[in-house]
Amino acid sequence: MSSILQAQNVEKYYGNKGNLTRALAGVSFSVEEGEYVGVMGASGSGKTTLLNCISTIDTVTAGHIHIDGRDITEMGRKSLASFRREKLGFIFQDFNLLDTLTAYENIALALTIRKRPPREINARVKEAAEMLGISDVLRRYPYQMSGGQKQRVAGARALITNPALILADEPTGALDSKSARALLESFRRLVREKKATILMVTHDAFAAGHCDRILFIRDGRLFHQLPRGRDTGKQFFDKIIEVVSLLGGETNDVN
Amino acid sequence: MSIRLALGNVRKSLRDYLIYFMTLSFGVCIFYAFNSIDSQQAVMEMTGSQMAALRLISRIMNTFSVFVSVILAFLILYANGFLIKRRKKEFGLYIILGMEKWMTARILLFETLFVGLLSLFAGLFLGVFLSQGMAVVTARLLGAGIGSFSFVFSFSALVKTMGYFGLAFVLALLFNIEMVRRQKLIDLLYAAKKNESFKPPRPGLSILIFILSLCCIGLSYKLILNNGLISSQGILTVCTVLGGAGTFLFFFSLSGFFLKLVQQNRGLYLKGLNMFVLRQIAGKINTAYVTMTLVCLMLFVSICTLSSGMGLADALAAELRGNTPFDATFFVRASDESPESAYAGVDLLAIARERGFDPGEGTYAAVRAYAADSPVALLAEGAEKTVYPEFMKLSDFNKVLELQGIDPIFLGADEYALNSGVRNERWQGMLAAYEEGGALELAGKRLRAAADGLYAYTTEVSSIKDYTIVAVVPDELLSDAPIKRDILHMNYPPGDGDCEKRCVSALLGFAPEGFEGSLETKARMMEYSHSTTTTIAYLAIYLGVVSLLMAATVLAIGQLSEAGDNVDRYGLLRKIGVEDRMIDTALFAQILICFGVPALPALAHAAVGIRAASKFVDIFGEMNILGSSLVAAFGIVVIYCAYFFATYAGSKRIVNKEYAHQRRIMENE
Ligand SMILES: Nc1ncnc2c1ncn2[C@@H]1O[C@H](COP(=O)(O)OP(=O)(O)O)[C@@H](O)[C@H]1O
Ligand SMILES: [Mg+2]
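Chains as they are written, first to last, in the working numbering: chain A, 213 to 467; chain B, 4 to 672.
Read the hints as simulated data drawn from the structure, not as lab findings. Keep in mind the model is a prediction, meaning the values are calculated, not measured. Among the hints, erroneous ones may be present.
So these bits of chain B aren't anywhere near chain A, every CB distance computed over 12 Å [as the list claims (entries may be wrong)]: (1) Leu112; (2) Leu129; (3) Met278; (4) Leu297; (5) Leu480; (6) Ser482; (7) Arg527; (8) Arg572; (9) Tyr573; (10) Ala636.
Simulated crosslink set (DSSO-like; lysine-lysine; CA at most 27 Å straight-line) [to be verified]: (11) Lys406(A) <-> Lys338(A); (12) Lys290(A) <-> Lys263(B); (13) Lys327(A) <-> Lys263(B); (14) Lys274(B) <-> Lys327(A).
Beta carbons: idealized from backbone N, C-alpha and C, even for Gly.
If we strip away everything but chain B, and leave its shape as in the complex, we get (with noise of 0.2 Å):
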């Protein structure tokens, strides 16, 4: 009996409560998704190397779904407690029709049942496929190749899911029960009406709040933008401060503010529902502007780590194009403890072949690097002082363009260039001083600078981000120069795969007795790279799309039980005749204007972040913030629209219900 009646609500249910669902199987999706990633090396076809990237992303993402697991039970709790509350009148008539208290929690208990195994399925069924999906882009993330196709399945992420999620549930079912057994009768049946009391807005009060808000967000705008996200922890912490109250102090008298705004135009306000759907809001932002608040610095987040998190992704795969002009670079130089003048270079060539492998195979460039016989060598006066260059020949430099297919530099006898991979503001200083016509010393000869001398180009294949400059002057200069590194840079003949096995086998932690050795190659970085890559950008997506889910699924459930709260309004605005279609427009309005406030400060507060983010991604390298902005947006655009028609399509049925069912009454009898 109590199966047949909850198994009877819960069909009831989904089509009332489709938010509900949504996200609890959104949630079961994406926590299976990315607890799964593990299971995706099935479909690809990986080096080792790769494979160890994969299980720490999927380590990574599995610490981390911990604290989304935590997300996701709190909103299922919440969601719960919204159809809870539609319902208690109807349990309350259970009791009344002489129904035991423990038979109505057993319906309960079989119906949050249902309710958690029904989205459960539905979620698992979605992840699952969504996880096919993703491992498609993880592959093409890692720079792994896609093998035979196979069906991507996660035991271990299913027991983990459903562990999760039955948690969630138990706790749930814990909550209801302890509801029912604990609610008075009376409560019971009158729950359906009205117990939030009407609160009207003061607005004289809120005029001053409103100005002191938007006081407060833009101070804190000021702050970050002139100083940037790493500023002194002080300053972060004032900026945080003032944001945040300034947002809630905003939603706190945005109602008061508003209403008073739009009633001094007549015309507006004294325009069909007008009047009725801005109290509407203004009396639901009046009672809800802490959830406001917190909805609108959620898809802050939302917004800030999804274009942020994809941007730095970007910024990383670009840098790395950047960062290795050639298939490998292996040096060898004095090791820390023996003094830089006790090396006399070494023939890498030699040692390469000797080792096995022949850089003739493909094409190379052998050079060397040298120390300054003066330690510091000085520019222009006024200029940066303490510019530590390496000199390289002009010949040897031009080699190493060349390699690159760049067209090679020419210098006058008594004349230099610089070199440096990384424009930043050390960059700023020497191109000052270049310019004021910066003399260098060399072998007791003064150097002119060559007009138009100052050059970026990235000179070798390195992991970290090249600081070096390197000061290019003709040959003879360096003829007894101190020698600091003989440099082998190298680029693989097209078409053999094998080429970077035995670069590797042959020179990787190989150093000539008493020196130091390394090589660097780009298939190396590469897999490095993405690695970093897919953890930062599957992080970001992860981050984002939950805290925007709970964005909206806050929204969303707080609209609906809104609506609930509304039949009686709504019914009466069709008894003094209201048409069908006005009474859709002013919910439509209403509802509108409930998601899009909460998101219009979220979006300022994103573009001011981001702006101040991208200064901060700068020092990785070049973001291209807009690109990944506007995907990002894309997403988050369109997972808000849904919850918003969602919510949008419930409210209209709960508010159309009663009158429905009026009428059905009516016209079958």
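So that you can see chain A by itself, here it is in the shape it has in the complex (with noise of 0.2 Å):
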């Protein structure tokens, strides 16, 4: 196994000088090809600006991220968003697909904007969307599908690219408990059968649970990490509650 992914001591600031919000303050950490990480925090612990930085959406104060052998921090601009369309997978807690296409053209979206022939998408949309479960809500739009239907859509999106690394910012923030366990179920699949590197952020115990490993950030700080190791399901999650409540303040976001 080699790592995809290594942030070393990054720092992330907000504000001017007279004003000036830590937001990270020397994170290091690094994800193996084909894991599932997630990364849980109190609200304002600086879970999200670690995603977005890590996603290229914001830059780094200080430190360096290395996705897939390549420092993101040294990258310009333009390459920046090459390599965001060609290395990465988003996948948004509001689910962000298009309301204009059905559910099959928001995963052919993905293909089609990386300039892919289109004789091949129609399988890869197949597959994907086989994978997650959704293979019989394809033609239809957005406001016909439930809020889990629509996070398996962006997740096919996501991962239809077969991108280095697929990151989530609380995929199931907006979802019923049955949704969430079919999303977290599929993207278990995702893991297990198509080999993807997921990190995503959440602050539900009970998705935490479904991941190979923890990490715990507090204060902008890496406070704990939890590998599943050989535990069950239960004894995982009942760790992980243990860690929270040593996080201290409340988990749950407003969001």
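Grab the two chains, each in its own frame, and use the hints to assemble them into the complex.
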């Protein structure tokens, strides 16, 4: 196994001289290929900031981030855009599907904007839909789907390009528990069958329970890491709850 | 406080809503310019009748302006509505922050006021400049000279423009305040959220309707082309209804049909952002087919009026050239009360000299027209039987030709020739009869048609088209024929500007006792025709430009509000890794197609309409529709493109703003 993602002493400051917020205070960790990693922490602890820095949407103040062997903190704006397109897949809390396109088209869009030949698109969309269990809603428009289905369509869109790393910021945040479970199970399947690498921010211990490893963040620092090891689901879940209570503060974000 | 806020807002709006200002200023500008025609006389050197013509034109434009002002007021309200819709959330925020509703209304009041004043002044400024240029054009159209340069400014047009537009702004103001007063906070805050539910088109049905729409349009084309513009009221109504309904159904079904069509082509559909753009447009047309139909029809009106109006003006001017072979024609004939047989002829030359004008100063031709001794002249059997020609001696006719610098014609002793200034259907009948060797009986003698003896010379200065047919026969045959009228054609000596005046004062309105006299001069006809030409051309341009403005504004604002609704969609594309360039291209394509979709059917309609109209206008004279159409098309394209690019720039701003806003926060901090 090689590491897909390496963060070294990542720092991020917001604001100006008079009023400085330290959102990340030197975070270091790495994610291996095919790993399913969760990020947990209280509201305002810096989870989204971390994810934004990794996803190249935001820039770091100090430190380095290597993705698939390349240091994204050293890249120019142009190459960042193409890097994001080639290497990364995104899943957002609020789905972010285009309301004017069908599920099929929403997924296919990820390929067409990467200028893939049209003939290979159909098969790959079908395959991705199969993987996430949404084959029978492909012809529907977003307004005709449930939240869970929408999020799985977004998942299919993220994975169809075979990204080196899939980044998800609270993907279950807007879902009811049943839909959340279905989504998490399909993520699990992705990791198992497609060897996808996922970094998922969540405030939900149940969601975190699906991961291989959890990173806990407090006040912009890596507070603790919890690998699943040989634990059963129940054992792992209990451990997570334990750390969460150690973290203090309420973990449930407003969002 | 509210003034400062409002000023700041306006400054922002200025950049954001280019279209709003364009339309307002453009409208004010046109309105002022066409209402200030009266004052253009300041720079012109005009005769009394030219002055009268100018006043008439000015009056017609003023009347028409009432109609235009209603349209412009509608445009202002429409654009204003768009402005407000985009700003609802902001006002919601003011209220949330604890501002009283009346305070918010006051901000809005100041804002509308500033916007109104600003565009009013910009428009007036432009309008004043436009009317300087227009003065030159008017002078040329009227055939008047340009005097010393002075500034054209019409105070009354200024007051009128301010009055009308002030009223429109007050309406907009009331509308805005009422909006704030009645809105619930929750609606204000969530106004930015999509409120139109997306409705995907139904392909199966739309293909059927699409075909039906094409049939309707095709049928109406066929009807109008086969029957022409002056067909029966019934056919015209059927055409209009068919064309209108066809156009409506066309837009109604277009998105579904088009989508289906492109979806069949996977290679095209699944390429880049094509899918997205197509869906955007389909969604747009699908919800806005009524607007699209209206825009299409307005464009149609605009193209037709601009090109036909200018063509008609052209045709009139061309006809005039043909109608005035001499400087003046004076004739005397028996009055209607006294029978023709009582007329024994007069010496026009002597009369003219007696009254103080000597045609001999220049060149002249005094000729005589005779009536037939038998009232009906028959041509060959089966042809036109009711041609009542005037007869003229060969030598007289050749005198008329000579004065025009045309070579004389020749006739054998038993031959005749025919001349008619107008070639129309009647001419066809004559031609056929003539070719069959149609004979003419005169003074008991049978005359043969001379070979190549059909002529189409204009033989006198006349304000109406000369439908008279002249039969030219050997001199001796008319020695005993009854005289119909005496005619004096005159050309003034070159360079003598005074001649016309003296000729007119000597002969206009004069007739020897018991007879009728008529003087028509080239100069007088020019003036008359110039005023008609100018009126038609200006009316056409006024109407054409206003409807073009309307179409372009409605389209542009539709697109801009669309762009506002689309911020989320484009933002999302960015999030999933679409490059800026690709997004700009998609936006460009989307707006281009939205501008093109109503323009294409409008062009087709206009092409057919103009064809039908050119047949109609033909009655007035040959019409060079192509030339004027090209000029009109150029003008239309320029304005339309200006709106297109302004819309693209505006949409790009709106779509990029949110993103840029985010970036700015990131980079600054
Ligand atoms: N754009 C920003 N400007 C200033 N401060 C910010 C910005 N984004 C986040 N922060 C601050 O950084 C810290 C971490 O925020 P965030 O990463 O969003 O937390 P989380 O996602 O864990 O709730 C918070 O204190 C937050 O206020
Ligand atoms: Mg967050």
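The hints, checked one at a time:
A cut-off of 12 Å between C-beta atoms confirms that Leu112(B) is not in contact with chain A; the least separation is 36 Å. A cut-off of 12 Å between C-beta atoms confirms that Leu129(B) is not in contact with chain A; the least separation is 40 Å. The beta carbon of Met278(B) sits about 5 Å from the closest Cβ of chain A, which is not more than 12 Å, so the claim that it is off the interface is violated. The Cβ of Leu297(B) sits about 24 Å from the closest Cβ of chain A, beyond the 12 Å cut-off, so the non-interface label holds.
Consistency note on Leu480(B): stated as away from chain A, and its beta-carbon is indeed over 12 Å from all of that chain's, at 86 Å minimum. Separation of Ser482(B) from chain A is adequate, the least Cβ-Cβ distance of about 91 Å exceeding the 12 Å criterion. Once the 12 Å rule is applied to beta carbons, Arg527(B) is consistent with being away from chain A; the minimum gap is 66 Å. Separation of Arg572(B) from chain A is inadequate, the least Cβ-Cβ distance of about 6 Å not exceeding the 12 Å criterion.
Here Tyr573(B) does not stay apart from chain A, with its beta-carbon only about 10 Å from theirs, under the 12 Å limit. At the 12 Å boundary, the C-beta of Ala636(B) stays outside the reach of chain A, the nearest C-beta of that chain being 34 Å off. A hinted pair counts as satisfied when its Cα atoms are at most 27 Å apart, and Lys406(A) with Lys338(A) qualifies at roughly 15 Å. A hinted pair counts as satisfied when its Cα atoms are at most 27 Å apart, and Lys290(A) with Lys263(B) does not qualify at roughly 36 Å.
Proximity of Lys327(A) to Lys263(B) is assessed by CA-CA distance (about 22 Å); at most 27 Å being required, the pair is judged to hold. Between Lys274(B) and Lys327(A) the CA atoms are separated by roughly 7 Å; this keeps the pair inside 27 Å, and the hint holds.
Of the hints listed earlier, those the structure fails to meet are numbers 3, 8, 9, 12, in rising order.
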